[in-house]
Amino acid sequence: MKYEAVIGLEVHAQMLTDTKIFCGCSTKFGSEPNTQTCPVCIGMPGVLPVLNNKALEFAIKTGLATNCKISTYSRFARKNYFYPDLPKGYQISQYELPICEHGFIEIIVDGEVKKIGITRIHMEEDAGKNIHEDGGNYSFVDLNRAGVPLMEIVSEPDIRTPKEAVEYMKKLRAILRYLGVCDGNMEQGSLRCDANISVRPLGQKEYGTRAEVKNINSFKFVEKALEYEIKRQIKVVEEGGKVIQETRLWDSNKGITESMRGKEEAHDYRYFPEPDLVPITVEQKWIDEIKASLPELPDIKRERFASEFGLPEYDADLLTSEKSIADWFEAAVKAGGQPKAVSNWMMGDLMRLLNEENKTIEKCPLKPSQLADMLRLMDKGTISGKIAKTVFENMYKTGKDAEAIVKEKGLVQVSDEGAIEKAVDEVIAKNPKEVERYKGGEEKLLGFFVGQVMKAMKGKANPQMLNEILKKKLSQ
Amino acid sequence: MKISVEYVAKLARLSLSEKERELFGSQLNSILNYMEKLNEVDTKDVEPTSHVISLSNVMRDDIPVRSIKREDALMNAPEHTDKFYRVPKIIE
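So the sequence lines, in the order shown, correspond to chains A and B. First residue of the first sequence: 1, per our numbering; consecutive thereafter. First residue of the second sequence: 477, per our numbering; consecutive thereafter.
Bound conformation, chain B alone (with noise of 0.2 Å):
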């Protein structure tokens, strides 16, 4: 299996240099034929597992909790205003 570095990097929008690309390319690819190895076991009668814990059904009520302050809230981003989050224009 190969894996496409430039498309990968595109989802996850990371710029990366030439050395890079050859770097991780090499280095996804050997996870990638791992799993290939993983494919030879038969799992024909295994469920898949999407969780280890074998626990369902965690949920709480419908009660409102205090939020939290808006200067808390917006101090950890990057850039924003008095009230509001700023990122760069979103062209519709």
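With the rest of the complex left out, here is chain A (with noise of 0.2 Å):
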């Protein structure tokens, strides 16, 4: 029997606020334990949490780009239970009434655009950190991270395969970079995601019984963990068994997902309204500000370089990964640079050299202006395509202009017909055999005569030249 996957995704985004959501804390990443809490964080007696406006807006904002309808009316709410890094005994959180609702963002899998509906997106405070010491009997407690900002964005169950929850997770984090709302990084912990995931007959209408997979922390085990589950899944199906409604943890070193048995009591959170904070009421004209502000997000910003630049659909979908990619290829065009000359350098040579030394681009030595200034070297017949390789390595490395370089180490292409001329006469000279079999029909043998030329030539014959006089005295 055929079986499809249902699934939904919970994603936590900590928001990139400076303060805390209801103290003024600070939110600083990687900072002494314990020396970022104040009585309202510690959940200290006789304190009250005021909400930070930022995250308010930050939580708007991320509505506004998924479509979501923004609540004029929300409140929060308190959700109890107990555990160690949760210092009041409940987490400040939204339940009914969240910020926003009823949105959904596009994804494409292999060609295909489809929605995926986001439930709701609510505010919510994070919880501290614990830390295991193996083999000791306690553990610890860090509290620099509890009250720190998060906003849960549900789906709905409109996932079918561990491929579009990728898709998915990835135009979520691009949205929420574009926005400068949240920094996406899933290794740090800053975007965190659980799964809702059921298997069904192909074509049944009713949702399988769900379980839930905790602890996927990058975009490689968001597939693998899915993968993972839905096999599980099947498998019990098939043997005759039921899934468990359960909550699983996504074990990255062995693979799989684990039953949470024995922790898994049945939750009772015992919402309520939180007594501490009043209502949130946001008005129209706000909400209206907010949207006016919101920058030209991933997916306009796409079909537009594909339009405006007549870049191919992958070449646009990569460069606007990131807002940081599409503003440097931006900044390259309006210097002057061929669109597409600018977009293959960038995806080639460019992300090569920044990966080698595990930069972003914002950290990238090589000003777009300069890629732009080599390309009009190249189109002026200054250098050749293949020095030009060398010449933006060097440009790179050393964040000298191209000119520069080219100057300094003597890259100037030869277009001298006689000079290219001799070091042809001297290598067909040199290699009589190879002039024969090339004679004799075996053609490919010009890129061999290429190659000596252009070594004999230290890489600067104009390469459509030196091909055209090869051709011509080999034929002779």
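FYI, nobody ran anything at the bench for these hints, they're computed from the structure.
Under the rule of at most 27 Å between Cα atoms (straight-line distance), these lysine-lysine pairs were calculated in the DSSO-like manner:
(1) B:Lys486 with A:Lys79
(2) A:Lys79 with B:Lys565
(3) B:Lys545 with A:Lys129
(4) B:Lys486 with A:Lys129
(5) B:Lys565 with A:Lys214
(6) A:Lys380 with A:Lys472
(7) A:Lys88 with B:Lys545
(8) A:Lys367 with A:Lys409
(9) B:Lys559 with A:Lys28
(10) A:Lys460 with A:Lys473
(11) B:Lys565 with A:Lys88
(12) A:Lys115 with A:Lys224
(13) B:Lys559 with A:Lys129
(14) A:Lys254 with B:Lys565
(15) B:Lys545 with A:Lys28
(16) A:Lys88 with B:Lys559
(17) A:Lys163 with A:Lys214
(18) A:Lys214 with B:Lys486
(19) B:Lys486 with A:Lys88
(20) A:Lys129 with B:Lys565
(21) A:Lys455 with A:Lys444
Computed beta-carbon distance windows for the label pairs:
(22) A:Lys115 with B:Leu508: 43 to 49 Å
(23) A:Gly203 with B:Lys495: 57 to 63 Å
(24) A:Pro295 with B:Leu508: 50 to 56 Å
The C-beta atom is built at its ideal place from N, Cα and C for all residues, glycine as well.
Take each chain as given, in its own frame, and dock them per the hints.
Shown next, in the form of structure tokens:
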């Protein structure tokens, strides 16, 4: 029998505010443990939380960018449970009346556009961090993260394959990063993903029993964890068993999901309206202002890149995956670079050099205008494409301009017919056997001759001229 | 309406003696019975109240203020090291 998976994702995104959601403690990552806390975020009696207006603005921004309806009346709720990283014994979250509802984002899978519904986006506070000591009898708690603002973004069960889930996560991450509301770092935990998964025979309308998989902390694991869990559930069903509604933990070392049985007492969070915080009313005027301030989002930018610059879908998609990459591209084009040429250099050599150093484009030592300048030298025929590779790498490493490097290293392309002819004659004279074979029909040997001449001329021969001269001479 | 004292005690992480269970059980049930009485009132057209103060949008700007000293934060915990709160091992 054929089966189909039904997947919904719950994504927690840490908001890029300077301070926590209900107090003025810093949210800086990586500080000394327990140095960014105060009576509010460590749950001392008698304190009152006060909402950070930036967190509210970020949540509204995200809602607007994901086509949500923004609630004009919204409130917080207490979610009650005990855990050492939760100092108050409850988490301030939203339950009824979340700030955003009924949205969607679009993903592209195998060339098809698919809408994934967003059920809701709500604000809540993060918990602290537990540190476990191997073999010891204690755990240790750092509350620097307690109270850091989070958005929980809940999707509809519209996702059918692990691939779609990855595309959804990528799109969501791109939107959050474009908006500047979350840095999207899954490894550092500023973007976290839990998945609700069930399987059903293809064609069946009713959902199967779902399991929740937690602890998925990289894009690679989104796909792997879902693939594993889908296979596991299909196996259970095919063997005549029943999928149990439970929480499972993804173990990336073993590559499996494991039941959290034992810890899995039925949760009863006893949500109720948070009495310490007054409700939020959002005026349409503010929503309109925020809407007007939204940046151009990835989907629209991608379409514009394709139409305005005549780029293939693939290029447009890659260049708009990050706002910083798109900005770099546009700056290079504005400085005179031909769009497709800029795109090729960026997606090829530039990304390779950045990846080698594990750098993002924000830290790129090369300026967009420098690439445009180099492309101009290529257009003028001053340097060949082959030499340009050397120049480019040099520009990247030294930060010098293309023209300076070309001068300094004597890399100017030789377009002097006499000089090329001389070198070609020498190579032909030195390789009589290859000349025979070429004339005997082994035309692929042309590359060998090109290589030899280029070597002799230190790569500086004008390639088109070299090709023509070689062909002419070899057919004589 | 009958309430399970064991269940509520478990949620609150309280261990109760047999005597306490009986006492709290009857007390909780009398509170619930009183609430039941409130249910007799017709509230069909009444908005539920979640806050008694008619205020909304009390917010602060996103400006950091100084946190408290670590030793001051930790001193209230039953157990701590020089950097962390210390708790019984959490089994994951």
